[in-house]
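Engineer: Below are the chains, spelled out letter by letter.
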Amino acid sequence: MSAPVLFDLPGPKAKARIRIGTVIGALVVLGLLAIVLLRLNGNGQLNPNRWAILFDPNSGVPQALGQALVRTLQVAIVAMVAATVLGVLLAVGRLSEHRWVRIPVTTLIEFFRAIPLLVVIFALYFVLPAFGADLSAFAALALGLTLYNMAVLAEIFRAGILSVDKGQREAALALGMRKTQVMVLVLLPQATRRMLPVLIAQIVVLLKDTSLGFIIGYFELLRQARSLVEFLNFNFGNIYTLQIYVGAGLMYILINVLISQIAKFVEKRTRSNATTAAVGAIDLPNAPVTTGLNSGL
Amino acid sequence: MQFFIDNFDTLLSAFLTTLSLSLLAGVMALVLGTVLAAMRVSPIPPLRALATFYVELFRNTPLTVVFFFVIFGLPQIDTVVSFFPGAVIAVGAYTSAFVAEAIRSGINSVNPGQAEASRALGLTFGQSLREIVLPQAFRTVIPPLGSVFIAMVKNTSIAAGFSVTELSSTLPRLVNADAGALLLVLLGVVVGYMIITLPMAFAVNRLERRVAILR
Amino acid sequence: MRLTRYAAAAAALGVVLAGCSSEAGNQNEDAADATVEVEQNVDFEAGTTMAALADAGTITIGTKYDQPGFGLLNPNGTPEGFDVEIGKLIAAQLGIAPEDIEFVETVSANRESFIQNGQVDIVVATYTINDARKELVDFAGPYYEAGQDIMVAAGNPLGIEGPDDLAGNNVCSVEGSTPAENIRTNYPEAQLTLFDVYSKCADALTNGQVDAVTTDNVILTGLVAGNPDGFELVGNPFTEEPYGIGLMLGDTEFRNFINDTLEASFEDGSWAAAWDSTAGQITGEDAPEPPSIDRY
Chain B
1 MSAPVLFDLP GPKAKARIRI GTVIGALVVL GLLAIVLLRL NGNGQLNPNR WAILFDPNSG
61 VPQALGQALV RTLQVAIVAM VAATVLGVLL AVGRLSEHRW VRIPVTTLIE FFRAIPLLVV
121 IFALYFVLPA FGADLSAFAA LALGLTLYNM AVLAEIFRAG ILSVDKGQRE AALALGMRKT
181 QVMVLVLLPQ ATRRMLPVLI AQIVVLLKDT SLGFIIGYFE LLRQARSLVE FLNFNFGNIY
241 TLQIYVGAGL MYILINVLIS QIAKFVEKRT RSNATTAAVG AIDLPNAPVT TGLNSGL
Chain H
1 MQFFIDNFDT LLSAFLTTLS LSLLAGVMAL VLGTVLAAMR VSPIPPLRAL ATFYVELFRN
61 TPLTVVFFFV IFGLPQIDTV VSFFPGAVIA VGAYTSAFVA EAIRSGINSV NPGQAEASRA
121 LGLTFGQSLR EIVLPQAFRT VIPPLGSVFI AMVKNTSIAA GFSVTELSST LPRLVNADAG
181 ALLLVLLGVV VGYMIITLPM AFAVNRLERR VAILR
Chain E
1 MRLTRYAAAA AALGVVLAGC SSEAGNQNED AADATVEVEQ NVDFEAGTTM AALADAGTIT
61 IGTKYDQPGF GLLNPNGTPE GFDVEIGKLI AAQLGIAPED IEFVETVSAN RESFIQNGQV
121 DIVVATYTIN DARKELVDFA GPYYEAGQDI MVAAGNPLGI EGPDDLAGNN VCSVEGSTPA
181 ENIRTNYPEA QLTLFDVYSK CADALTNGQV DAVTTDNVIL TGLVAGNPDG FELVGNPFTE
241 EPYGIGLMLG DTEFRNFIND TLEASFEDGS WAAAWDSTAG QITGEDAPEP PSIDRY
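Residue numbers (this note's numbering), protein chains in the order written: chain B, 1 to 297; chain H, 1 to 215; chain E, 1 to 296.
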């Protein structure tokens, strides 16, 4: 941490005070931890046999959780690919010079960003059947994720395209390229490279949103965890509940941390690249908008 | 149409539930988030570590998992909460992590030269924070903070999966009606959310323009 | 560097814990599989649902995934319970082995639409027969007679003996189920909390978030079995809930076939055997008298 903005580098008195504060702070943290652990132990939650179920292949639990993780990733990948493709199209559409393209596209984007993802999923799963189209839980979840994220990604791509130096577009047009060629060959590649960290962060958001599938019965990780808890509760009593939920929660956290690390790695690589380093931080146009720091919401 | 009128009461009370859930969780998130941001920039390492752990934990966990733990996991440490307070706690705790990040980035975005200049002028830590740093940080913080709260309002819909009769939960409940009626209910739900989020977005935009730093 | 340290620690933990075995895993190793006799020479009239299913060699059965004793999903991905066994009996008469059955989860709220849309061939999911539902689907059976009952915390602190005592109290049930409708219509002073599945109701009762859970007595028995020290059954069923097998409206030949199969299973003991191996394990009692089939 570089020289902090808010205070001078500490002198001897301040250092002493900080040391006292550190000790007190550490005691408080440890105290809280102790209380939680004691209560858990009191309920028998720390018994290693209970936690062993997460690793015991005979119980079928690790396999079930593993398959549920695969199903989670399946719906996430399908939605991500579809949302990216549609997001690029919508971004280009929103930047179009023709009003008859721009206005409907803008309305579409703003509509899907204004309503909760769960409402979109519910509408596809519960309301659509009344009109004759029956979607499976997988289809409703994937389609819902796609529709919602294509709007978010459209805004991200649009910011990226707008942040490319105007000279690029002018030079390309001066060379005689048509507008489509300018977009495809010159603007989009640069925009994508610049927005790559934000895009990858959006994958984390999407993965977290797959857990909404449990509400409509899609057997992703959380739904599978609940099903396992019901089965084990019935056969063995309420002794595995916390363990399985903690296990599922940890799996989410691990995967998301992994993806975030990849995002940071990519950001470092692109920053060291001279062409992108020349440009400063990018401001996404129009609140409400997901910038790099609160993507993840 | 008749179906919609019959169920309007349900929709209205569901809307009010969403509104109150958003307000309460928002207040909790703001307070807790500010405390966390302060902890993250403080010189005391254990507090910094605790706050960083909290923020990273909630940023990488889905809100549904947080709900599960609050409603069904807390009883394992003898803390039972009923559904609505549980939803407030879950959404509030989750959002506070993002509020903390927004505020922290605001503080860090203030030019260090400002703090140095204020120290050189002899202002104390408290004075430089109050008079110089925080007002400038506030300006940078408004758009992302607004974004966070608008997303929070949308996230309250997850309480529908945990027996809180808020706006989204009306859709699965009224499923056996005919197509036209369902569509009206869907419209009502969408309008209900927009009544909350669109004015918020508008207000954030206006506020941002008013406090924008002209260079 | 840091990453490898964490990875090593995690791996070590995993190895240690893998050495421990869980009670669940040990029991699973000892569990035996119940078998059903599959009919070998099946011959049905062309054009009937039975013929189509027998030719396809597979049947899609909708059942519950969260009801102990009747339809509960095990970690291997297949449901277990009395409803599942009945489904296997019917499939066996079509010449379809249990491994070839495709099970689908049908929750209380979507049983009719799944049948109407053809997403399942039959529904065996603690499906109560009533007149309103008969307008949307056909019912074979009943194959069991349950009754609506109430489950409370052990010791019955609020002294709830019947549905009238629910007035002013918080009672939990499942969206779209007959018991929930019953409370809503006939006992409006009771405060109804609705979830999508019964396990959430059970959790809510444990946590004191609701005062009682109401549904069919066999389902409640299963929930009590999961927590015998925490729950108890009031034990005064106040309705009659005949469980039937739902199928497409108007398919009379299929309905007759299923009814014939059920009656045969009542006679030859396979119905009782199915009960003993599943729901009977919870109640601890012998199989009750089979109900009389209603051919309407």
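It cannot be assumed that every hint is accurate.
To be verified - If you want a taste of the chain E side facing chain B, the calculated C-beta under 7 Å gives, among others: (1) LEU72; (2) ASN74; (3) ASN227; (4) ASP276; (5) SER277; (6) GLN281.
What the hints assert, rightly or not - Going by beta-carbon spacing under 7 Å, a handful of chain H positions derived as facing chain B: (7) PHE15; (8) THR17; (9) SER20; (10) VAL27; (11) PRO45; (12) PRO62; (13) VAL65; (14) PRO75; (15) ASP78; (16) VAL80; (17) THR124; (18) LYS154; (19) GLY161; (20) SER168; (21) LEU182; (22) MET194.
It is worth saying that the hints were derived from the structure and are not from the lab.
Even for Gly, the Cβ is constructed at its ideal location relative to N, Cα and C.
Engineer: All hints, please: hold or fail.
Structural biologist: Status of each hint after checking the structure:
1. Annotation: E:LEU72 was flagged as interfacial toward chain B, and the flag holds, the nearest CB pair being 6 Å apart, inside 7 Å.
2. Proximity of E:ASN74 to chain B holds as hinted, the smallest CB-CB distance being about 6 Å (cut-off 7 Å).
3. Restraint check, E:ASN227 versus chain B: the minimum CB separation of about 6 Å is within 7 Å; hint holds.
4. Interface hint status for E:ASP276: violated, as the beta-carbon distance to the closest one in chain B is roughly 17 Å, over 7 Å.
5. A least Cβ separation of about 14 Å between E:SER277 and chain B goes past the 7 Å threshold, and the interface hint is therefore violated.
6. A least Cβ separation of about 10 Å between E:GLN281 and chain B goes past the 7 Å threshold, and the interface hint is therefore violated.
7. With a least beta-carbon distance of about 13 Å to chain B, the hint placing H:PHE15 at the interface is violated under the 7 Å criterion.
8. Interface hint at H:THR17: violated, since its Cβ lies 14 Å from the closest Cβ of chain B, which is beyond the 7 Å cut-off.
9. Checking H:SER20 against chain B by beta carbon gives a least distance of about 17 Å; that is not within 7 Å, so the hint is violated.
10. Annotation: interface hint on H:VAL27 violated; nearest CB of chain B at approximately 18 Å, more than 7 Å.
11. Below 7 Å, beta-carbon pairs count as interface contacts, and H:PRO45 has one with chain B at about 6 Å; its hint therefore holds.
12. Hint status for H:PRO62: holds, given a least beta-carbon distance of 4 Å to chain B, under 7 Å.
13. Evaluation of the H:VAL65 hint against chain B yields a held restraint, the C-beta minimum of about 5 Å falling below 7 Å.
14. Contact between H:PRO75 and chain B, as hinted, is not supported at the beta carbon level, the nearest pair being about 9 Å apart and thus beyond 7 Å.
15. The restraint placing H:ASP78 at the interface with chain B holds, with a minimum CB-CB distance near 6 Å, inside the 7 Å limit.
16. Hint status for H:VAL80 relative to chain B: violated, with the closest Cβ pair at about 13 Å, above 7 Å.
17. Hint status for H:THR124: violated, given a least beta-carbon distance of 10 Å to chain B, over 7 Å.
18. At about 4 Å, the closest approach between the beta carbon of H:LYS154 and any beta carbon in chain B falls short of 7 Å, and the interface hint on this residue holds.
19. The beta carbon of H:GLY161 is positioned within 7 Å of a beta carbon in chain B (closest approach about 4 Å), and the interface hint is therefore held.
20. For H:SER168, the suggested interface contact is upheld, since its CB lies about 5 Å from the closest CB of chain B, less than 7 Å.
21. Using the Cβ-Cβ criterion of 7 Å, the hint placing H:LEU182 at the interface with chain B is satisfied: the shortest such distance is roughly 5 Å.
22. Hint status for H:MET194 relative to chain B: holds, with the closest Cβ pair at about 5 Å, below 7 Å.
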